[in-house]
Amino acid sequence: MTALLEIKDLVVEFATESGSLRAANAVSYDVSPGEIVAVVGESGSGKSVTALSVLRLIPEPPGRIAGGEILFQGSDLLALDDEAIRRVRGKSIGMIFQEPMTSLNPVLSIGRQMTEAMRLHLGLSAAQADQRAVDLLKMVGIADPESRLKAYPHHLSGGMRQRVMIAMALSCEPPLIIADEPTTALDVTIQAQILELMKDLCRRLGVALVIITHNLGIVARYADRVNVMYAGSVIERGPAQEIYRHPGHPYTVGLLNSVPRLDRPRGSPLEPIPGNPPDLVSLPPGCPFQPRCGVATAGCADALPGLEAVAAQHWSACFRSRQVYEGALT
Amino acid sequence: MTPDAALAPAELVARRPSGWSRFATLILADKKALVGLIVLSVLTFAAVFGPLLSPYDPNDMAFDMILGPSWAHPLGTDDLGRDLLSRLIVGTQVSLFVGVSTVTIALAVGVTLGVLAGYFGGWVDHVVMRYIDLQWAFPNFIIAVYLVAVLGTGLVNVIVAISLAFVDDFARIARGMVLSIKQEQYIAAARTVGASNFRIMWRHILPNATAPIIVQATVSVSYAILGEASLSFLGLGVEASTPTWGLILAESRSFISRAWWLGIFPGLAIMLTVLSINFLGDALRDFLDVRESRSL
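Protein chains in written order, with our numbering: chain A, 1 to 330; chain B, 1001 to 1296.
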């Protein structure tokens, strides 16, 4: 199956006072039609920057897409002019942000914000767009949608606003939706509802979904495949269940050990990953995780490991990935 | 943030009043705004029908000079024997027109410049801001005097001069608002649905910036009326045959010790107008702020 979205060796740099910062350092991942792909990593790992680059929303300056390709349905998004990329935004790729509290304009009614994309991209009349907005709100489980159109964002709770954001992202039936930490700002019970809703809608409508998150629980339950990012690169990729059970990179192992899990004995301590993420302005020559890695060897500081297959459809960028995968190092 | 509002039953929601009736409710509840509206309505009426309402011809020098207020001349007569009430009524038109039109022009030009500067930044911002700095270095009134001196006197030139003098105030406020609003996530969200720059500025940023702009506009109407008065005072206003509040006030100067009414009444007219506009401006700002609306 050909990929819907294919990011190839994307390099994004930000000019800072202490020099050029590589927020994305040769990032590659792909998304097939209808697939749910998770991108996992700490703050500053480059996961959001990569996603924003897809819609060309990196502020330039100080940001700059310094290299690579982003192929969407076969055409390079980085080569489009402003007019053309605007037709992609919302129409072909929808986006859902982290903070539903701040992603809706406080002075515009819900209806006006929801119908904007439809009127821009689908050429609907005001009445048609309103009708479709009502249908969409119904679909995302909002009661009494007709009167909600006249409501303003401060009349809605956080969970309802995120539902509105999901409805907006779906409004033009894009083949791909990117959700940047869609549930981080919501409380736990609402998180599950929203994720269920997103998964269910994407499956039903055949929409591919990229979920950017630092929550591995989300990954295990909702994603088909996972890309783990560290210091601006993808360091492990594979099917979600497989990575959860047999991680192939010491960083992924560290992430899994640092979150509470029901399949571990109760009361077993959480193990944080020691140290801090590296300074992206001056990355060391070897593996970026090496200074924090518990299983690093002498060679790890000298050369950068590339992604190597450890199992079918499962890659890891570690010189000792085979041993990590087999659980020989813990 | 009231979670109950989110759960409001449908009937409550459906009874949301229309814009006009909501404005009417707001005005009736707000005594100051009501006073402002009534005074401005009377003034507008006087501005439109002034010549028909005035008891005498404002330029007719038919009466005794410097008569105090009496039944025949409620506000007295001036040094040339003209009826002051008639002159004030006829003068309403020019004074109000100057006040409203200058602010409209200054607001349109200034807000446009400020929004462009704040939104695009870079060289656009530099050019606009350097112009604003330049204008800011001179007092508004000096600029207006200078412009009238260059353009010549007359109603249109006075309006152009005063509005240009106010452009920088609006530009600075609009730019500041845009600089902070454009960082908001909902602007990024608007971009992700494919909205153009123009659309984002007009539909998404500007509605969030109305409150301080309205406040500035109501204050500026006051200053514009006073500005016209000051220009007239210096003989740089509208033609001398047209009575305006400022002109009447200016002429009263020489007789201030003998005829208090010549200065007090045009001053009161200006003050009343300015006050009413400020009251109404406050109400308008509350009306436009949807964030204040509690439930639907």
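Careful: at least some of the hints might be erroneous.
Stated by the list, open to error - One side only, chain B facing chain A, incomplete, derived with CB under 7 Å:
1. L1053
2. Q1185
3. Y1186
4. N1208
As the list claims (entries may be wrong) - Capping the alpha-carbon separation at 30 Å, the derived lysine-lysine pairs in BS3-like fashion look like this:
5. K199/A - K138/A
6. K8/A - K1031/B
7. K1031/B - K91/A
8. K91/A - K1182/B
9. K91/A - K199/A
10. K8/A - K199/A
11. K150/A - K199/A
12. K91/A - K138/A
Rather than coming from a laboratory, the hints here were simulated on the basis of the structure.
Heads up, the beta-carbon is just placed ideally off N, CA and C, and yes, glycines get one too.
Q | Pair hint K91/A and K138/A, alpha-carbon separation not exceeding 30 Å | A | holds (21 Å)
Q.
Just to be careful: measuring from the Cβ of N1208/B to every Cβ in chain A, is the smallest value less than 7 Å?
A. holds (5 Å)
**Q.** Agreement of K8/A and K1031/B with the hint, judged by alpha carbon distance not exceeding 30 Å
**A.** Measuring from Cα to Cα gives roughly 65 Å; hence the hint is violated.
Q: Take the C-alpha atoms of K1031/B and K91/A, compute the straight-line distance between them, and say whether it is at most 30 Å.
A: violated (50 Å)
Q) How about Q1185/B: closest beta carbon in chain A under 7 Å, or not? A) holds (4 Å)
(Q) What's the verdict on K91/A and K1182/B, does the C-alpha distance respect the 30 Å limit or exceed it? (A) holds (23 Å)
Q) Was the hint right that Y1186/B lines chain A, CB cutoff 7 Å? A) The hint holds - Y1186/B has a Cβ within 7 Å of chain A, the shortest such distance being about 4 Å.
**Q.** Straight-line alpha-carbon gap K199/A to K138/A, limit 30 Å
**A.** OK: K199/A and K138/A at ~16 Å, within 30 Å.
Q. If you draw a straight line from the CA of K91/A to the CA of K199/A, is it 30 Å or shorter?
A. Holds, at about 20 Å.
Q | When the least beta-carbon distance from L1053/B to chain A is tested against 7 Å, hint result | A | violated (42 Å)
Q.
Need the status of pair K8/A, K199/A: alpha-carbon distance at most 30 Å?
A. Given that 30 Å is the threshold and the Cα spacing comes to 26 Å, the pair holds.
Q) Does K150/A pair with K199/A here, judged by a C-alpha cut-off of 30 Å? A) The given pair, whose Cα atoms are some 28 Å apart, holds under the 30 Å limit.
Taken one by one, the earlier hints fail for this structure at numbers 1, 6 and 7, listed in ascending order.
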